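Undergrad: Residues per chain, in single letters:
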Amino acid sequence: MDLRARSDDARYALHLVRQNVLVLAGTLLVIFYLVISLTANYLVEPSIAYKFDFAQSYCWSNSVISWGKNIEPCPVGINPVLGTDGFGRDLLKMIVLAIPVDISVAFIIVAASTILGVVLGAVAGEIGGKVDEVILRITDIFLAFPGLLLALVFAAIFGRTMQNLIIAVLLVWWPVYVRLIRGQVLSEREKNYVEALRALGTSRTRVLFNHIIPNTIYPILVQSTLDVGGVILTFSALMFLGFSPNPALPELGNLAADGIGHVFTAPWLIVFPGLTILVITLAFNLIGDGLRDILDPRLRR
Amino acid sequence: MTFVLFGISLMVFYLARGFPSAFAPWTQYVTRKMNAQQIQAIIEQHGFNKPLWEQYIYWLRDIFQGNWGYSNWANGLPTYEVFASRFPYTVELTVAATILVIVIGIPLGILSAIRNNKVSDHIARLVALTGYSTPTYWFAYILQLVFFYYFYTLGLPYLPSGGAISPTLAGTVTAITGLPILDGILAGNMNYTLDALAHVILPAFTLSFTSLGYLARIVRASMLEVLKQDYITMARSKGLSEKIVICRHALKNALGPAMTLTGLFTASLLGGAVVTEYVFSWPGVGDLSLQAVFQGDSNFLLLYALVTALIIIIANLTVDIGYAFLDPRVKY
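The listed protein sequences derive, respectively, from chains A and B.
By the numbering used here, the letter at position 175 of the first sequence is numbered 175, and the numbering carries on one by one without gaps.
Numbers given in the numbering used here equal positions in the second sequence, counted from 1, plus 301.
In short, the hints are calculated from the structure, not lab data.
The structure presented is a predicted model; accordingly, all values stated were derived computationally and were not measured.
Ideal placement from N, C-alpha and C gives every residue a C-beta, glycine not left out.
With beta-carbon atoms standing in for the labels, derived distance ranges:
hint : chain 1 : residue 1 : chain 2 : residue 2 : range
1    : A       : Ser104    : B       : Ala488    : 54 to 60 Å
2    : A       : Val81     : B       : Gln341    : 54 to 60 Å
3    : B       : Leu565    : A       : Asp8      : 36 to 42 Å
4    : B       : Tyr459    : A       : Ser63     : 22 to 28 Å
5    : B       : Ala488    : A       : Lys69     : 39 to 45 Å
6    : B       : Leu495    : A       : Val279    : 36 to 42 Å
Input sequences plus hints: build the corresponding full structure.
TA: Below, the structure written as structure tokens:
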């Protein structure tokens, strides 16, 4: 791990980022959303999530967008920018409160599944033999399920607390990393520097964790970035289908679920939270996709 | 492959029967009016008080005799009947979605590759990634809102908002295959077929939107690879027009990996159409599995999990064999 080589790498990567409009846009969007999630509690008073006022539920008073007939106008004096939801809370403020919840949950899940998947995959690749077989078969079992369905079954069985939902989605996402890192480890093992390190007497664990894994970090980085978006989609879909621990929880899928029975009379409840999810996921996917192009070893130098 | 199936059945069985969960496995056989004695009688009748591995062996014996258990919430019908009556609808939806993915995704990918790094490439990439990032339920509701509600209020011809066939036309054609479109064509009833088509457009487009982008990216990547090859340069230097170079020479080789991957999509679409079917009230198997999860019906979930896993495993195998077929360098 030569530090100067790494910093040259990083500078070249930044240069490529600046050149590519889409990746730049994605980066700016992600920074924007991260700033919002860090300052959300200062922008909006967090306790309004639990102040219900049913006199003003499902109303819209912004004259910029007209949703057609059958839309209830808000009582005089209340002017929510994006309308109100079923509990009478201002939708824009709820979305701002929901963004940190979604993003932090997504980061936790991706970090945990990356660590779990990388460790298991590295162990499988390094030790080989029976351990490799067993880990691969278990991974196959998990991969043979479509993602959302697996998360659904786990969520239904584990129960509806936030922790259980995080574990449910985690169990869906970790197998991808095992396959990824195992292939990388298998190919890195054959290289000369590993042989040199073993000749020097370095233990296998040290070689694996201090040398091989850092050299295979790029595909993991790309996959993690892409997965943040995917996890947000899966998690909010779970919430949308009704698994949220608390109907008033500020979370984008939960806010959208509120609008299921009122699609034609209060469409903003589904449109705006969904749009937010789309933009956040798109931003992370833009970065991940751009990273994949930038870090492609064949396109550099 | 059998090991994976066994593993899945073990895992789902343990989750459904053994894990201390919100749903007791006898939930669907028990009504609220029963007292503790009757509940105990039902537990003993179905064998839920035996040790877990014994239950598993009984369950295996039952399946191999063709008895998949009963779904009490679906009027006590046998599970495989409930599954089989709805499965063709999911197949219809999946096939329609796959056709859309191929028809839209491949040209998008080719366009991206030809105009690499120009504006149209960036736009196509944006469209592809947007498709990849859209929440399915959001897209489904937007389509419903626009094409059903707003078209209706504006007086335009509107697409139906749900179901597979209009209630007025349902049952007017004998179901041979179970897929409404095919049945209509086989019976020669064009009204029925057109109605079924109108019903399938929106859900199929919703389903396909997510995978479109992915296929387009893959076609773009493999097309770029192919276009760098020497024989393409040769064809160009012979004086052939760009169109012939791409259509006749590059396309065949670039599409190979993409087509085999379409098999994988189809398999995962089959399993994952849960949300789309829920939003459009499509009478398919995904919607049913959602109900099964909420009702705690372990029999149906086991059947659904095994069938879905089987389809995905077969699709994976087909993709692997397809790769070996297309690329003689890959050996097994």
